[in-house]
Amino acid sequence: MAAMHPIISIQGVSKRYATGFEALKTVDLDIAEGEIFALLGPNGAGKTTLISIVCGIVNKSTGTVTVGGHDNVTAYRKARALIGLVPQELTTDMWETVWDTVSYSRGLFGMKPDPAHLEKVLRDLSLWEKRNDKIMTLSGGMKRRVLIAKALSHEPRVLFLDEPTAGVDVELRRDMWEMVRALKASGVTIVLTTHYIEEAEEMADRVGVISKGEIILVEEKAELMRKLGRKELAITLKEPIAAMPEALAGYNLALSPDGTTLTYAYDTQADRTGITRLLRDLDAAGIRLRDLDTRQSTLEDIFVNLVRNGR
Amino acid sequence: MNMRAIYAIYRQEMARTRRTLLQSIVSPVISTALYFVVFGAAIGSRIKEIDGISYGAFIVPGLIMLSLLTQSISNAAFGIYFPKFVGTIYELLAAPISYLEIVVAFVGAAATKATILGLIILATAFLFVPLRIEHPFVMLVFLVLTAVTFSLFGFIIGIWADNFEKLQLVPLLVVTPLTFLGGSFYSIDMLPPFWRTVTLFNPVVYLVSGFRWSFFGQSDVNVVISLGMTFAFLALCLGIVGWIFRTGYRLKN
Ligand SMILES: Nc1ncnc2c1ncn2[C@@H]1O[C@H](COP(=O)(O)OP(=O)(O)OP(=O)(O)O)[C@@H](O)[C@H]1O
Ligand SMILES: [Mg+2]
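Going down the list, the protein sequences come from chains A and B. Under the working numbering, residue 311 is the last one in the first sequence; the count climbs by one each step, no gaps. Under the working numbering, residue 564 is the last one in the second sequence; the count climbs by one each step, no gaps.
To be clear, the hints were calculated from the coordinates, so they are not data collected in a lab. Don't take each hint at face value.
Claimed, not checked - Derived DSS-like pairs: lysine-lysine, alpha-carbon spacing no greater than 25 Å straight-line:
1) A:Lys25 to B:Lys563
2) A:Lys184 to A:Lys25
3) A:Lys134 to A:Lys120
4) B:Lys395 to A:Lys134
5) A:Lys184 to A:Lys134
6) B:Lys395 to B:Lys477
7) A:Lys143 to A:Lys120
8) B:Lys395 to B:Lys563
9) A:Lys130 to A:Lys120
10) A:Lys231 to A:Lys78
11) A:Lys143 to B:Lys477
12) A:Lys212 to A:Lys120
13) A:Lys78 to A:Lys221
14) A:Lys212 to B:Lys563
15) A:Lys78 to B:Lys477
Stated by the list, open to error - Label pairs and their computed distance ranges (CB to CB):
16) B:Val455 to A:Glu202: 53 to 61 Å
17) A:Pro115 to B:Trp554: 51 to 59 Å
18) A:Arg181 to B:Lys563: 32 to 40 Å
19) B:Lys395 to A:Gln11: 45 to 53 Å
Even for Gly, the Cβ is constructed at its ideal location relative to N, Cα and C.
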């Protein structure tokens, strides 16, 4: 699906900062039109650098980027006109009013004034009541909304959200995801980075994992979950045991400190999960069971696994 | 040309002027008025006429130039430095606008502001000293040209500066001395020959001299040379701005 209609195509992009630090090795990535793409990676992985290169804020060292088919250097006007960016840092003006700063953003992108559109954006973000307030009088969460409103003021076809939920309360987060879904429904492509991995899991169509300046994995979220998904079987015991019986040593079981729960991790893709044999051996060892529970590993588990074993 | 973007930036910059009206307009007017009182009325009454012009009137063009230079530079420098400082520059860099458009907007706003200020100071001067302007059109040309040139210069400083200290360093260490030694308060004919020659390396001399010519029809330096030097400095600033934008100097990593 992804390869068919890339609205953003990143090819052979690398970045070495003036300090000599190589923030991106060679990155190739296509973003499909209309999808929600989550870029996951630990601090310093190069997420912001990559986004900044696509948006024209940072010069790349090598490679090419096209947005909607336009090269973002030689045809920067056309490329940038398609993009809305919500930066990671809360960088806003201070003395301007919300309305002025949003109108300013629309003007910067060369679009003719459209008060009705701006009103809709501000209302969607619950900023309408604050439109005449100076930005510096707003709370941090409100300022983040202002940044989103600025990015949406010029009706972008691709929206970059660089860690949009950092320092944001539950309500705003919910509003934000609602907005993201609505944007997606209207055909906007969304690229987001986040540290709240469960959100990527909830929101994204595809996930890219970036670590130390390299994209180590790009996958449909469902596929990723299936492929790398390990399941855990939690076995609750009738009576606590003090130590692991000899007979079960081969299973690599984890025993909870209170001795009531055994945890067995297995690969859902493997030919044999080993569950049947384990249950038989448990029975043979005279251990009585109270309950069984399985848990699919989350994206976070997958992610931690990848980065740990990671290249 | 993305005219809407130019207008958006220009408008935002002018809004900043309105917010800081006191600092931008009122304080230079007050300090200039003080100059008139002290040098024009108090001391000036004891200084004999220079080339048949009363001292109070003689210093008017120089004083206007003084404000015009410092205001053009500081307005433009601050205008571009501030977004860099707080990080809002990201929006300019990510917008579908060319560097030329950014320059036109910022420099245009700073020059507008400085020109308005120059005219206000001129009006103030009429309250203190009898004045005549022999070549009002040339005067306006000098006013606007100087405002634009030094706004460009300020823009360069604003991009070069990576802290507030540097932002003030050039105006303080270079521009103020050059302006004071640029013949604002005296005719360079009054200097000993050696210093007269040294002075000719000071670009401000040409500005003040040419500007004074537009008022009184006489000057230290031929007005054509003055105009030529002003254009030369303008060309130099344009060249530097062009280079900055070709290389992304201090704007992009
Ligand atoms: N201007 C710069 N000069 C030198 N190195 C930089 C610069 N900006 C970023 N880096 C380095 O590049 C690497 C990637 O930074 P980047 O901001 O892209 O990471 P990130 O994935 O966005 O991290 P985070 O999750 O913390 O936001 C980091 O090691 C950072 O220190
Ligand atoms: Mg980041």
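Hint check results:
At most 25 Å may separate the alpha-carbon atoms for a hinted pair to count; A:Lys25 and B:Lys563 meet this at roughly 19 Å. Using a Cα cut-off of 25 Å, the hinted pair A:Lys184 and A:Lys25 is violated, with the two alpha carbons roughly 30 Å apart. Restraint check for A:Lys134 and A:Lys120: the C-alpha separation of about 19 Å stays at or below 25 Å, so the hint holds. Between B:Lys395 and A:Lys134 the alpha-carbon distance is near 20 Å, which keeps this suggested pair within the 25 Å criterion.
Distance restraint check for A:Lys184 and A:Lys134: the Cα-Cα separation of roughly 30 Å exceeds the 25 Å cut-off, and the hinted pair is therefore not satisfied. Simply put, B:Lys395 and B:Lys477 have alpha-carbon atoms about 14 Å apart, close enough for the 25 Å limit, and the pair holds. Restraint check for A:Lys143 and A:Lys120: satisfied, since their Cα atoms lie roughly 17 Å apart, inside the 25 Å limit. In summary, the hint linking B:Lys395 to B:Lys563 is supported, as the alpha carbons are separated by about 10 Å, within the 25 Å threshold.
Of the supplied pair hints, the one linking A:Lys130 and A:Lys120 holds, its CA atoms being roughly 13 Å apart against a limit of 25 Å. At roughly 47 Å between alpha-carbon atoms, A:Lys231 and A:Lys78 are farther apart than 25 Å, so this suggested pair is violated. For a cut-off of 25 Å, the pair hint linking A:Lys143 to B:Lys477 is broken: about 30 Å separates their Cα positions. The straight-line distance between the Cα atoms of A:Lys212 and A:Lys120 is roughly 40 Å, outside the 25 Å bound, and the hint therefore fails.
Note on A:Lys78 and A:Lys221: the hinted pairing is violated, with a Cα-Cα distance of about 31 Å set against a maximum of 25 Å. The hinted pair formed by A:Lys212 and B:Lys563 meets the criterion: a straight-line CA distance of about 22 Å does not exceed 25 Å. A distance of roughly 36 Å separates the Cα atoms of A:Lys78 and B:Lys477; the hinted pair therefore is violated under the 25 Å criterion. The supplied range of 53 to 61 Å is met by B:Val455 and A:Glu202, whose beta-carbon atoms lie about 58 Å from each other.
Taking the beta carbon of each, A:Pro115 and B:Trp554 are about 41 Å apart, not inside 51 to 59 Å as hinted. Checked against the hint of 32 to 40 Å, the C-beta distance between A:Arg181 and B:Lys563 comes to roughly 34 Å, which is consistent with it. Take B:Lys395 and A:Gln11: their Cβ atoms lie about 30 Å apart, and the range 45 to 53 Å is violated.
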